Amino acid sequence: MTEPKTQQVKSVKLIYFAWVRERVGKPQEDIDLPAGIATVGDLMAWLAKRGDEYAYAFENPKIIRAAIDRAHVRPDATIAGAREIAFFPPMTGG
Amino acid sequence: MPATIRLQREPFDAAAETAVLTGGRTDIGAVVAFTGICRGAEDGAPIAALTLEHYPGMAEAEIARHVEEAQSRWALLGVTVIHRYGRITPGEPIVLVLAASSHRHDAFAAAEFLMDYLKARAPFWKQVEAAGSRSWVEAKQSDDSATERWQDAKPRRDAAE
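Order-wise, the sequence lines are chains A and B.
Take the first sequence: its position 1, counting from 1, is numbered 1 in the numbering used here, and each next residue is one higher.
Take the second sequence: its position 110, counting from 1, is numbered 110 in the numbering used here, and each next residue is one higher.
No lab work stands behind these hints, which were simulated from the structure alone.
These figures come from a predicted structure and were not determined experimentally.
Here a beta-carbon is modelled for each residue, glycine too, at the ideal position from N, C-alpha and C.
You can trust all of the hints, since none of them are fake.
Per label pair, the in silico range of CB-to-CB distance:
# : chain 1 : residue 1 : chain 2 : residue 2 : range
1 : A       : Ala80     : B       : Pro56     : 23 to 29 Å
2 : A       : Ile31     : B       : Ala30     : 48 to 54 Å
3 : A       : Glu53     : B       : Thr26     : 58 to 64 Å
4 : A       : Ser11     : B       : Arg134    : 30 to 36 Å
5 : A       : Gly36     : B       : Ile37     : 44 to 50 Å
6 : B       : Asp13     : A       : Thr78     : 41 to 47 Å
7 : A       : Arg74     : B       : Glu92     : 31 to 37 Å
For reference, chain A alone in the conformation it holds in the complex (with noise of 0.2 Å):
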């Protein structure tokens, strides 16, 4: 019944849109959230740090969007339980 003290690694599909994509290069990967990453902010800040296309995609998260599961999320949006992330720029469609 006790939980072990050591988080579970969790694994979660990243996948990236229009020049969010052309920036990281590729346009999905899975990834080992390591702990302590709670909210989709954090999950930015997290990948911004992963390399020199991860820092130039995500060098303004402002203007950045993101959607959990398919769904609209704010970046204060836990990730707890998430599958697949998506991140891309403001929507241009219609």
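Based on the hints, put chain B in the right spot on chain A.
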């Protein structure tokens, strides 16, 4: 109420889609049809094509959510939304919204509501191809404002013709 939502690469025929929506029915008194068309120039500079990228799965779900919202706000008798993706050249249609109702007000309002939401909330991104270069279209603040104005609007299901 029947709703048709389609994402496709191919062009569509607005008149044929309208005939499908209204065929065999006598309850519909108004259909508003909006077609968005690819312009041949952006900010005065000629373009070769637009390429639309979308988020498969989420795009359909997001459109369906807003169709349901429109159905709850207005007395609609039918809705069709078709959004294309891929490469689209000037003069070709990009998006179609059909809203059918008994009286015109509901159809006009629902079509405008759906287009405002598609512009700002549906996960599509336009890339402009011009003179050998490519650039992503930037979102307009006016599109966000157009969406926000519906957030205070109360449902109007009692509107008279």
